[in-house]
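Visitor: Sequence:
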Amino acid sequence: MSSLSRELVFLILQFLDEEKFKETVHKLEQESGFYFNMKYFEDEVVNGNWDEVERYLGGFTKVDDNRYSMKIFFEIRKQKYLEALDKHDRSKAVEILVKDLKVFASFNEELFKEITQLLTLENFRENEQLSKYGDTKSARAIMFVELKKLIEANPLFRDKLQFPSLKNSRLRTLINQSLNWQHQLCKNPRPNPDIKTLFVDHSCGQPNGARAPSPANNPLLGSMPKPGGFPPLGAHGPFQPSPTPVPPLAGWMSNPPAVTHPAVSGGAIGFGTPTNPAALLKHPRTPTTANPGMDYPSGDSDHISKRTRPVGMSEEVNLPVNMLPVTYPQSHNYQQDDFHKTVARTLSQGSTPMSMDFHPLQQTLLLVGTNVGDIGLWDVGTKDRLVVRNFKVWDLSKCTMILQASLVKDPAVSVNRIIWSPDGTLFGVAYSRHIVQIYSYNGGDDIRQHLEIDAHIGGVNDIAFAHPNKQLCIITCGDDKTIKVWEATSGAKQFTFEGHEAPVYSVCPHYKENIQFIFSTALDGKIKAWLYDNMGSRVDYDAPGHWCTTMAYSADGSRLFSCGTSKDGESHLVEWNESEGAVKRTYQGFRKRSMGVVQFDTTRNRFLAAGDEFMIKIWDMDSTGLLTTIDADGGLIASPRIRFNKEGTLLAVSTVDNGIKILANADGLRLLRTLENRSFDASRNASEAVTKPLINPLTAAANAAAASSSGAGAPSAVTAMNGDTRSLVDVKPRIADESLDKSKAWKLMEITESTQCRSIKLADNMRTSKISRLIYTNSGLAILALTSSAVHLLWKWPRSDRNSGKASASVSPTLWQPPSGILMTNDTTDNNPEEAVHCFALSKNDSYVMSASGGKISLFNMMTFKTMTTFMPAPPAATFLAFHPQDNNIIAIGMDDSTIQIYNVRIDEVKSKLRGHSKRITGLAFSNVLNVLVSSGADAQVIY
Numbered sequence: 001m002s003s004l005s006r007e008l009v010f011l012i013l014q015f016l017d018e019e020k021f022k023e024t025v026h027k028l029e030q031e032s033g034f035y036f037n038m039k040y041f042e043d044e045v046v047n048g049n050w051d052e053v054e055r056y057l058g059g060f061t062k063v064d065d066n067r068y069s070m071k072i073f074f075e076i077r078k079q080k081y082l083e084a085l086d087k088h089d090r091s092k093a094v095e096i097l098v099k100d101l102k103v104f105a106s107f108n109e110e111l112f113k114e115i116t117q118l119l120t121l122e123n124f125r126e127n128e129q130l131s132k133y134g135d136t137k138s139a140r141a142i143m144f145v146e147l148k149k150l151i152e153a154n155p156l157f158r159d160k161l162q163f164p165s166l167k168n169s170r171l172r173t174l175i176n177q178s179l180n181w182q183h184q185l186c187k188n189p190r191p192n193p194d195i196k197t198l199f200v201d202h203s204c205g206q207p208n209g210a211r212a213p214s215p216a217n218n219p220l221l222g223s224m225p226k227p228g229g230f231p232p233l234g235a236h237g238p239f240q241p242s243p244t245p246v247p248p249l250a251g252w253m254s255n256p257p258a259v260t261h262p263a264v265s266g267g268a269i270g271f272g273t274p275t276n277p278a279a280l281l282k283h284p285r286t287p288t289t290a291n292p293g294m295d296y297p298s299g300d301s302d303h304i305s306k307r308t309r310p311v312g313m314s315e316e317v318n319l320p321v322n323m324l325p326v327t328y329p330q331s332h333n334y335q336q337d338d339f340h341k342t343v344a345r346t347l348s349q350g351s352t353p354m355s356m357d358f359h360p361l362q363q364t365l366l367l368v369g370t371n372v373g374d375i376g377l378w379d380v381g382t383k384d385r386l387v388v389r390n391f392k393v394w395d396l397s398k399c400t401m402i403l404q405a406s407l408v409k410d411p412a413v414s415v416n417r418i419i420w421s422p423d424g425t426l427f428g429v430a431y432s433r434h435i436v437q438i439y440s441y442n443g444g445d446d447i448r449q450h451l452e453i454d455a456h457i458g459g460v461n462d463i464a465f466a467h468p469n470k471q472l473c474i475i476t477c478g479d480d481k482t483i484k485v486w487e488a489t490s491g492a493k494q495f496t497f498e499g500h501e502a503p504v505y506s507v508c509p510h511y512k513e514n515i516q517f518i519f520s521t522a523l524d525g526k527i528k529a530w531l532y533d534n535m536g537s538r539v540d541y542d543a544p545g546h547w548c549t550t551m552a553y554s555a556d557g558s559r560l561f562s563c564g565t566s567k568d569g570e571s572h573l574v575e576w577n578e579s580e581g582a583v584k585r586t587y588q589g590f591r592k593r594s595m596g597v598v599q600f601d602t603t604r605n606r607f608l609a610a611g612d613e614f615m616i617k618i619w620d621m622d623s624t625g626l627l628t629t630i631d632a633d634g635g636l637i638a639s640p641r642i643r644f645n646k647e648g649t650l651l652a653v654s655t656v657d658n659g660i661k662i663l664a665n666a667d668g669l670r671l672l673r674t675l676e677n678r679s680f681d682a683s684r685n686a687s688e689a690v691t692k693p694l695i696n697p698l699t700a701a702a703n704a705a706a707a708s709s710s711g712a713g714a715p716s717a718v719t720a721m722n723g724d725t726r727s728l729v730d731v732k733p734r735i736a737d738e739s740l741d742k743s744k745a746w747k748l749m750e751i752t753e754s755t756q757c758r759s760i761k762l763a764d765n766m767r768t769s770k771i772s773r774l775i776y777t778n779s780g781l782a783i784l785a786l787t788s789s790a791v792h793l794l795w796k797w798p799r800s801d802r803n804s805g806k807a808s809a810s811v812s813p814t815l816w817q818p819p820s821g822i823l824m825t826n827d828t829t830d831n832n833p834e835e836a837v838h839c840f841a842l843s844k845n846d847s848y849v850m851s852a853s854g855g856k857i858s859l860f861n862m863m864t865f866k867t868m869t870t871f872m873p874a875p876p877a878a879t880f881l882a883f884h885p886q887d888n889n890i891i892a893i894g895m896d897d898s899t900i901q902i903y904n905v906r907i908d909e910v911k912s913k914l915r916g917h918s919k920r921i922t923g924l925a926f927s928n929v930l931n932v933l934v935s936s937g938a939d940a941q942v943i944y
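Quick note on full-length UniProt numbering: the sequence shown kicks off at 1 and runs consecutively.
Take the hints with a grain of salt, since some may be wrong.
With a straight-line cut-off of 25 Å between C-alpha atoms, the simulated SDA-like cross-links for lysine to any residue are [claimed, not checked]: (1) Lys392 to Asn371; (2) Lys584 to Arg606; (3) Lys383 to Asn778; (4) Lys87 to Glu146; (5) Lys92 to Asp135; (6) Lys646 to Leu627; (7) Lys99 to Glu122; (8) Lys92 to Ala139; (9) Lys398 to Ala492; (10) Lys99 to Pro885; (11) Lys806 to Ile771; (12) Lys409 to Asn371; (13) Lys493 to Ile457; (14) Lys196 to Ile12; (15) Lys87 to Glu52; (16) Lys866 to Pro818; (17) Lys866 to Ala841; (18) Lys646 to Asp337; (19) Lys806 to Thr755; (20) Lys167 to Leu198; (21) Lys866 to Val910; (22) Lys99 to Gly58; (23) Lys87 to Glu122; (24) Lys796 to Ala785; (25) Lys493 to Asp423; (26) Lys470 to Ile419; (27) Lys806 to Ala105; (28) Lys27 to Trp50; (29) Lys806 to Pro885; (30) Lys796 to Lys844; (31) Lys398 to Pro411.
In case anyone wonders, no lab produced these hints; they're calculated from the structure.
Model the full structure from these sequences, guided by the hints.
Guide: Quick look at the structure:
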């Protein structure tokens, strides 16, 4: 949608409100996604109209857009859940838990468990975190305050919380002006025209020789409104005026020409792209806000921000939310948990890291390029180096003679830059000799050669990815003073930008108002900007330091920063005012003479970091003073390379011993612990896990083209980078449980010596009888036992400096009981319980245990040990139990009368009864992949 079309929507919103079409106003706000009416949202929240709250919110964001959106939806659904519990409406609470809150379980399983436990309490205020929960009205008011903070912090709501400043009845005024103009153009204008319709152009009737009245003195639709502020939207209060529009890049121009506002055609308002993108780059129609660095998203960019989301959770590994409303620190309000003070990992690369980049979606995958041309791929969660590749030219015959001669003379090659593509399916490597290599990444340790480009004469100093014209491209710059743009599927060159008078040091592609452009910096300190055309540079400006300068935008794309070091070692970190092309803020705290080129990075739209003086220096984006420093326990180089992951929870920094330290803040430590806790599950379940195929769309397109050129049957459609429907007949899905993965998960070995074994004794101060059943919990953090006296015992490994809480033979687990001191004890018959068949099963998230010891089947809460329910009294007695892997409410119960009953706990109903065995059931197992139940019996049969 063009800027004028967007403005028309605002005019219609104003008109509808003036005409009291309240429901229509809010419907248009939601459908267009241009303006979020905070007052209306507050009214709906306070009134508890939850369906309307989520419907209205859904016009601006979805649950999985980012962590702010996820927390917003979580707080709303949690409040619905608590209100249902407060009314003792258990069925409603269960419905909300399953339909609304279960989506968050995969991101924070412990939190979901705790929420589920509230069902077991008579009053959820017994939970310590909810003990201060008041009445419904006050709880909604408190929640709205937190929601407002989340919405204001969410980049998707940027520039959507303030209505533009408009004069009263602006749409009516424009129509008046149009009709006056039409009347002046009449061949025979009448002095008092009678306007009866707007559906056709105005034309006066029979001529009477009268002159047309002045538009100023004879308005045609009633009195002409006087200038004034936009009227209040009913009870919603007045909107704040916006400052006068200022073109973001106009000030960068040396001599910006005077460009008038394009004339509006007499036809329908267009929805296409601007006809003169160059003019838009110089003078984009972008209303500025109180923050001049923030751009006002156009209709198209807004559509992209709302609809285009990467598959899966791009940046959300954890859901760090609490039972109570989340609070956010305001500006200049910091906690130690915000900073990356802890060295969580130390990786040995083997050669000096020159460039690093974290995967855009998988927060713990780190790419590294070194001074000897090596590239490495690390999973910092598991500390495994998945891939290492030494530099080599893939096809020397296709390289220029200049490169071939250069490599013969001196084969030494360094990586200058390594970077992931936006979707993480490709990564590019820029080398110090001519070459750019592009790899496709297909998950795990599977990287494949995709493109090799002899890009520049001399070194390739930087590489980046961009999407001009919705097509993925590769941008490179080099010692030959040029910037080049390459098509990412075939490697075809699309543009060559010439104009720098020194080697080009870095490139920074970006877009505003749907205009794609590239900033470039050269070693003579010049900054230039280029559109994807052949019209030359649009900007010529001097960077502070006049030498090695890199530029980068904040994560939300609203603020532009640069960092550079002069030949004399003076370093400059600055923020730019794009609307004026001037330095807005200069950050203090650098060494007078830096010992190398300072590298910098941004994170979380809040912090800047740079490597200087053998440490990492941190600034708040809004303050020029140095905020803190991090020495990473020593061992850093003078100007270390640094890189944040996309979520800002981990920070990679290079060290003097050719290694990398991974620093983590509190959220990063939680992320790494979560991965550690899941590693045991992953290895144990590797043989059953089947993952969704990870397909590189560029590889698919290239394969399709190759098949077509060779005469083979090509697919009927190839997917574009924007996610259009494609045919993928040439791509075979990859399955995670290949033999190689299995061998990594379980390395079988023959145990022949007692020294290969370790043993520990589980303490039992309850003096129970013998153990009848013993299993690890699904998380691998505890052991659950069922004794012959029908009592359950639970041992947990403590967290300490010696142990992270995982199962280990070097640390003894401790017997655990809830503060109430109650025991989980099964129902038994009058017979000797030691002669009964004991069986139990854990739900997949370890929240519940189903158990039987010859009597009724019991369902226990693993957090409180309380008995949730008992059912199915003997005879027949249960002899084996199994939870359905996808639904904890469905269980399979093997009986001593040889039958198997499929039971729904929620509705207390036997759904089906299976027969086939002739003796009692001894084993049951659901397939995690297939819709199959396998059973074994005392009759020595296995049936499925």
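Visitor: Please go over all the hints and tell whether each is borne out by the structure.
Guide: Taking the hints in turn, this is what the structure says about them:
no.	hint	result
1	Lys392 to Asn371	holds (14 Å)
2	Lys584 to Arg606	holds (16 Å)
3	Lys383 to Asn778	holds (23 Å)
4	Lys87 to Glu146	holds (24 Å)
5	Lys92 to Asp135	holds (19 Å)
6	Lys646 to Leu627	holds (21 Å)
7	Lys99 to Glu122	holds (22 Å)
8	Lys92 to Ala139	holds (19 Å)
9	Lys398 to Ala492	holds (14 Å)
10	Lys99 to Pro885	holds (18 Å)
11	Lys806 to Ile771	holds (22 Å)
12	Lys409 to Asn371	holds (18 Å)
13	Lys493 to Ile457	holds (15 Å)
14	Lys196 to Ile12	holds (21 Å)
15	Lys87 to Glu52	holds (21 Å)
16	Lys866 to Pro818	holds (10 Å)
17	Lys866 to Ala841	holds (16 Å)
18	Lys646 to Asp337	holds (17 Å)
19	Lys806 to Thr755	holds (22 Å)
20	Lys167 to Leu198	holds (22 Å)
21	Lys866 to Val910	holds (24 Å)
22	Lys99 to Gly58	holds (16 Å)
23	Lys87 to Glu122	holds (11 Å)
24	Lys796 to Ala785	holds (12 Å)
25	Lys493 to Asp423	holds (22 Å)
26	Lys470 to Ile419	holds (20 Å)
27	Lys806 to Ala105	holds (21 Å)
28	Lys27 to Trp50	holds (16 Å)
29	Lys806 to Pro885	holds (23 Å)
30	Lys796 to Lys844	holds (17 Å)
31	Lys398 to Pro411	holds (17 Å)
In this structure, every one of the numbered hints holds.
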